[in-house]
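Numbering-wise, the working numbering puts 112 at position 112 of the sequence shown, and it's gapless, one number per residue.
Treat the hints as calculated values from the structure; they're not laboratory data. Be aware that one or more of the hints could be misleading.
Said to hold, decoys possible - DSSO-like mimics (lysine-lysine), calculated; alpha carbons at most 30 Å apart, straight line: (1) Lys97 with Lys7; (2) Lys171 with Lys145; (3) Lys48 with Lys145; (4) Lys171 with Lys209; (5) Lys145 with Lys7; (6) Lys145 with Lys97; (7) Lys197 with Lys145; (8) Lys145 with Lys209; (9) Lys48 with Lys171; (10) Lys171 with Lys197; (11) Lys197 with Lys209; (12) Lys171 with Lys7; (13) Lys48 with Lys209; (14) Lys48 with Lys197.
Keep in mind it's a predicted model, so treat the numbers as computed, not measured.
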Amino acid sequence: MINYRDKIAVHGPTVGLGAEEIANTQRDLDFYIWMHRDRYPASQADAKADTAYRVFMDSGTGVVPQPPPAHTPIPDPPPVPLPGILTRLFAQVARVKNGLGFNDYIGNELGVISNPDTTDYPWPDFSLDYEHGPDLHRVRISFVKHGHDGVWIESRINGGEWVALGADNAKPHYDTRPLLDPALPEVREYRLRWWDKGEPNGEFSPPQKIVVGG
1 MINYRDKIAV HGPTVGLGAE EIANTQRDLD FYIWMHRDRY PASQADAKAD
51 TAYRVFMDSG TGVVPQPPPA HTPIPDPPPV PLPGILTRLF AQVARVKNGL
101 GFNDYIGNEL GVISNPDTTD YPWPDFSLDY EHGPDLHRVR ISFVKHGHDG
151 VWIESRINGG EWVALGADNA KPHYDTRPLL DPALPEVREY RLRWWDKGEP
201 NGEFSPPQKI VVGG
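Generate the whole structure from the sequences, applying the supplied hints.
Structural data, given as structure tokens:
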């Protein structure tokens, strides 16, 4: 969507789009990108963190009070367009592809020509980041689904037993578990496999490590 928003200003006139339609499309996509890149992931992550905190406070253990997780800050929304962003976009793309000035170069620039990925991915690609602050301690797990429903995530701490963190189909996943000892850092390892049709499948990825706390 970002690529289409940026490139439509360049190639729109060639395929017959007027300046007003191009501006309206960019306004639509500014809001769509904010909604899907900023607001929705933040609300999903906050919901997961709040659920984990509720479970921890209901039945967890510890010797230090743990405050509720801080909610993810997000940018202010751009101007709000009318509903039907994708309906308008798909109709425009169909007209663009049938326009007299359309060619493969423009199609690739706009990202509206499909190039199927035939690569076999035996396990998910993912990366780890430790996000922390006065009231925030969590590991961000960013992953690529490569056409699968989602991923199955397992973790272990300081070389202990692997435990399941569950499946996730909305990236990123946040591990919001409290530290075993708030005064000591710990090494957390993660491994992922595919999740499809309600079941884990495929090989586990090679484990990745990150130091949390300290």
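Keeping to a limit of 30 Å between CA atoms, is the pair of lysine 171 and lysine 197 held or broken? 18 Å, holds
Tell me if the straight-line CA distance from lysine 197 to lysine 209 falls inside 30 Å. 28 Å, holds
For lysine 171 and lysine 209, compute the direct alpha-carbon distance and say whether it is at most 30 Å. 19 Å, holds
Run the distance test for lysine 197 versus lysine 145: straight-line Cα separation, threshold 30 Å. Holds - the C-alpha atoms of lysine 145 and lysine 197 are around 14 Å apart, at most 30 Å.
Straight-line Cα separation of lysine 171 and lysine 145 no greater than 30 Å? OK: lysine 171 and lysine 145 at ~9 Å, within 30 Å.
Assess, step by step, whether the Cα of lysine 145 is no farther than 30 Å from the Cα of lysine 7, and give holds or violated. 26 Å, holds
Taking only the CA atoms, is the gap from lysine 48 to lysine 171 under or equal to 30 Å? Status holds; Cα separation ~12 Å.
Given the hinted pair lysine 145 and lysine 209, is their alpha-carbon gap at most 30 Å? Holds: lysine 145 and lysine 209 sit about 20 Å apart, inside 30 Å.
Between the alpha carbons of lysine 48 and lysine 145, is the straight-line distance 30 Å or under? 19 Å, holds
Pair hint outcome, lysine 171 versus lysine 7 [Cα-Cα no greater than 30 Å]: Holds, because 26 Å separates the two Cα atoms, which is no more than 30 Å.
Holds or violated: are the alpha carbons of lysine 48 and lysine 209 at most 30 Å from each other? Holds, because 22 Å separates the two Cα atoms, which is no more than 30 Å.
Would you mind confirming whether the straight-line C-alpha gap from lysine 97 to lysine 7 stays at or under 30 Å? Given that 30 Å is the threshold and the Cα spacing comes to 14 Å, the pair holds.
Hint check: no violations occur; every hint is consistent with the structure.
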